[in-house]
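Mind docking chain Y on chain Z? Use the hints.
If you read the sequences in order, they're chains Z and Y. Numbered according to our numbering, the first sequence spans residues 1 to 195. Numbered according to our numbering, the second sequence spans residues 1001 to 1604.
Be aware that one or more of the hints could be misleading.
[What the hints assert, rightly or not] Lysine-lysine pairs mimicking DSS-like chemistry, simulated, CA-CA at most 27 Å apart:
(1) Y:1263 x Z:2
(2) Y:1539 x Z:178
(3) Z:142 x Y:1542
(4) Z:178 x Y:1263
(5) Y:1048 x Y:1540
(6) Y:1540 x Z:135
[Claimed, not checked] If the Cβ cut is set under 7 Å, some of the chain Y residues that face chain Z in the computed set are:
(7) 1225
(8) 1251
(9) 1328
(10) 1349
(11) 1355
(12) 1357
If you're looking for bench data, these hints aren't it; they were derived computationally from the structure. None of the values given here were measured: they were computed from a predicted structure. From the three backbone atoms N, C-alpha and C, an ideal C-beta is built for every residue, glycine too.
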Amino acid sequence: MKYTVQIVGVGGQGVLLASMVLGNAAMNMGYRVAMSEVHGMAQRGGSVLSTLRFGDDVISPLEAVGSADMIMGFEPAETCRNIHLGNSDTVVLMNLDPVLPSMVAAGFEEYPDVGGLVDSVKRVNGNVVTIDATKIAIEAGKAVAANAVMIGAVAAMKGFPIPKDVLLDALVSQVPEKFRDLNIRAFEMGFSSLQ
Amino acid sequence: MSNLLSDGGRQLLLGNEAIVRGLIEAGTGFASTYPGTPSSEIGNILEKISGDAGMYFEFSTNEKVALEVSAAAASSGVRSFAFMKHVGLNVASDPLMTLSYAGVRGGMLILSADDPSAHSSQNEQDNRYYSTLALIPMMEPSTPQEAKDMVAEAYRVSEELTLPLLYRTTTRVNHARGVVEFSERSEPVTKGHFDRDVVRFVNIPAHAKVNRNRLLNLYAKAAEMSEESPLNFVEGSGDIGIITSGVSYTYVREFTSGASVFKLGFTNPLPEKRLAEFIRGKRYVIVVEELEPFLEDQVLRICAQNGLDVPVYGKRSGHLPRAWEFSPDTLTAIRDLVSVQEFREPLPRSEVKLPSRPPTLCAGCPHRGLYAATKRAVGSRDVVYCSDIGCYTLGVQPPFQTADFIICMGGGAGAAGGFAASTDQKAIAFMGDSTFFHAGVPPLVNALFNDHRIVMVILDNRTTAMTGHQPNPGTGREFGGITTESIDIEKLVRGIGVRFVEKVNPYDVKAATKVMRDAVDFDGVAVVISECPCPLELKKRKMLEPKVCVVDQDRCIQCSACVKNIACPALVKREDRIEVDETQCIGCRMCASVCPREAIEVRR
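Only chain Y is shown next, with the shape it has when bound in the complex:
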């Protein structure tokens, strides 16, 4: 196991672990997040070690709050770190846009973990544009070592500019692993003092106008710092130039030769003078970056403004793709422009028809039971299933297919209200407990306020499961020396005036079906709370009682009701026989509850 609190040495670290070590070396006193892949491990590590590191850390209700609490800490002089996945920054973008006007006192880094190829996301948006939108400096590391080292430099720049800094990573940086040399730890400062400065921190229109100019001046200073930054450097020589940043640099560095490479680490504002100098006299330049032509468009502008008649190749020229992450293979697209290593001829893909293996709800996952109940309750009725972001998204797969519309955290419930008002279909919204606290309360209030007769199902598995089991307001907190009580979802829902509120045990599919039928029939806002802890988390905590289901083959009539309704990975169909895979089964009885012959029993 890695020891991120050690005094020195070198370790094989995940990019996210390296970032945590960077925080420890920089003396970061305050960190906050809402978990999201590919940044989630940072939070899981801080949950374990922030206490020993002397750092304050919290899982905030959502990314907006995470950014706000860290902004307050930094405004009080404490070095802070707000981190989230790319779409999380959309949620936090409201405070971000004005935080740059107010600025900070202690350094503040906002980590955005982008996900080219959408490995675990609903889109592959390029968050580098947030740095130009908010007018804040941005840095992008390329490797785990840089991901650690750049943290200290980022804090120095943030403090000198009194601006928050966007620390932008991508999946192949967060989830890359490499050898990282440690530097010394710094003692974190966790308490500061907020000194009043009404013009800066109270952006009423009159002050905002003042601060707009303040920000533009600081942005100009940031541009000067970028010109001087050691994070922007040139390697190699020649009359062909390559401009690159992030993980793309590692592909360029290792698999191309003969070009002069401008490696950018301080990527907003760009070092325009140095770039112009680099481009001048080149035969042409190639910009190698994932996703949008963020650097490329600026390079084209820099060429135009400096009267440089040098061709710029990249996405705009059609050489490199805009969609999906790069890999070494991607460089073959610029083989006519620069020397790229020859890759071996790949073996042909197997001609055997392979079974698909998408990620799936786990054996004994309580979501299966609730979905099975919903399908039975709905029958042939015309409904719209509005789902949300979490494990339960996997209900999109057969046999459930209980996801017709998904956009963002909390988005399903909001949309359900819209479907209720604009169609005659019944709208059923599914949402996890963590998502409910994150962004589910406002759309529920909206449904009450505007009389949208929706069914909202809160799949309360007592954790934030998909991102690796982080606590949420529904579980209460118990780490870093702070203990809080859980917030009762049922009381909250009743408190705002929902009249139909039922709690069900999703393992009892029959009972859950009856409740879902009543909820769908109810002429008003109905909330069903499906409460059952995530078995994967229980397993992790060694709290799962050892028991398994057994099929009594004499009673079983091979009707496959269990397989068709629950489709649990622990149920195995061999010829016509249904058997239980004991290595997977957790004995939850979900399959038994749909068996018409009571042929499935639990054995301890």
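Chain Z extracted, bound-state conformation:
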């Protein structure tokens, strides 16, 4: 068994935390783990891609284009931008909350209609699951818990090989004590939103 998750989003959205949680969960399952992260520019609002691979005999930190088993998209335009990392069988988790690039905010470029972005992904892939992670996170207590919502949702995705309780344990061990309850709540709500 080998499994690859391509985690895409924007610097500051918690892509690195999510990849750490998934990676630790995979390690705790006894899998070999190889990951690749984007550092440095991440804090400057650019596109961020983190690759997580685990299973038997995994050693390469990168995956071939098209070979992702899952695309975990924190931001709709970034999910679209990276859709070629997957194939027709890839499961796609797509957060619907846009982060406007500075050129869009300043009115120099336009941000496409989110519905249109979802349609364009659904046209080529039949396994798209959309989620409003920020909205759920606000219901759970705070918008910043959107990444915990996303991780909870991953646990509910079709064919994801790591059980929910292992993911939750890994999440709890990665977040500060005082945000523990918030993250658990957000995780559970993310999970049940996909049920």
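The following block gives chain Y in isolation, referenced to the frame of chain Z:
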């Protein structure tokens, strides 16, 4: 969080974290760096834990000094570690070339973190050539586990040879993450004694000639050690051979089959005898390596010298690219030569027009204000904007476009002098505080000395921001039990005789514009110090006062002056209305200072 000081166990570590653990297990007593991606996290971690690890660590002024201080420690018997990004080794190459003549006593590793695909660099140079240029041994790990394990072996080899060793990594090793099994820690030795040996350590011409032979003899011994090294090994069998190293090995290992693979970890000098033995009888060999044909050219030579008539495929044969980093996909280029796993057909790229999302200056970044002021001050005048290496490089983007010429650390100011002397254009050099201390003082002195009438703007944001907020001489030091005072840039600049020196607050764009106008008009060397702490660092340290800007829609005339001049990500244009994104805004008032109607106010 990872705990790199624990006694044992296994953790999911970044390559750079694994290297730090390697230092702790090897008992490294001394480490130095100038921060540079992809090696920066090593310094950030050592800043936090070197004290508890019992190791001396410093952020040096630049890579040259970093190499020199570590060289001195190793010459005194202390295991040392100088680390930097690939272009940093260019800066440190002067001491490196003669350090190999003198050699070391305690082990010394020089980590060069190369950046194929130039993810965060100005070029993708292949620093493996420094090992052949300086005649020093080199090792290259492939995975985080190896990045840790190889450190101890590298120190053993360095000490046996009495030579510094080039520990060469690439982005996909430094920023890879994997499960790392820990070994035992060793107690670091932080103090040694320098025993005089004038012939070795004083390379006057007569001694250099002696040491040149010493070095060549040691280099020959290194070649023997490479032949014996367990870091060089063969996996699999068959009449097709693959020779590889570094992260490329992981792609070969996982995605090809049916070939015999020679995995090289000790990559200079190469184990020539073993390679010849490996190649003999093969139908052909393929060399899989990123960037230049460093291994491949040597393999071709080894074939020629050993009378081996075996075809060698790689870059010289046109199969594999020289530019940009490899990935598993790259192997499809050698599908005719070896069995490569079939990859899935990728989904077509989205037909929706997506907005670009390049990295950008943060909301409230003071560089925005200074650039806006400069643009206003310059107007239609013919100028050359010489920029430098740091966050402020991002001024290359609209609406600022305040970067016409960038080459290297400190290079902008040097070039500005050249533009001043060879054109009639006004040259304006931008440089960060850390870059100023790194390589900005000599070109400023040069401008004074040779009467280059340049404007030098020091963007002093009180940190080394781009690489993750390391301290620099302008901030002083406060870690590892050592406290030093900051060095005052203004005093330094005045001290060397600059007559036009002005300090500005870049958040006050109007005032900064006036100063920039005076500086551009000044007939001599002008220095403007734009002083304002990096808000991202203040946020990290929880020192950012919570306040936001608010647009009074009744006063706003939708002229977009704020958006056009500052282009802050916290300003959002919705239809014609300008609004503030409160999740991003830090209430710096930069936008307010360019508003002609005073329609933007700060709310606490």
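- Task: Sort out which numbered hints this structure fails and list those numbers smallest first.
- Result: 4, 7
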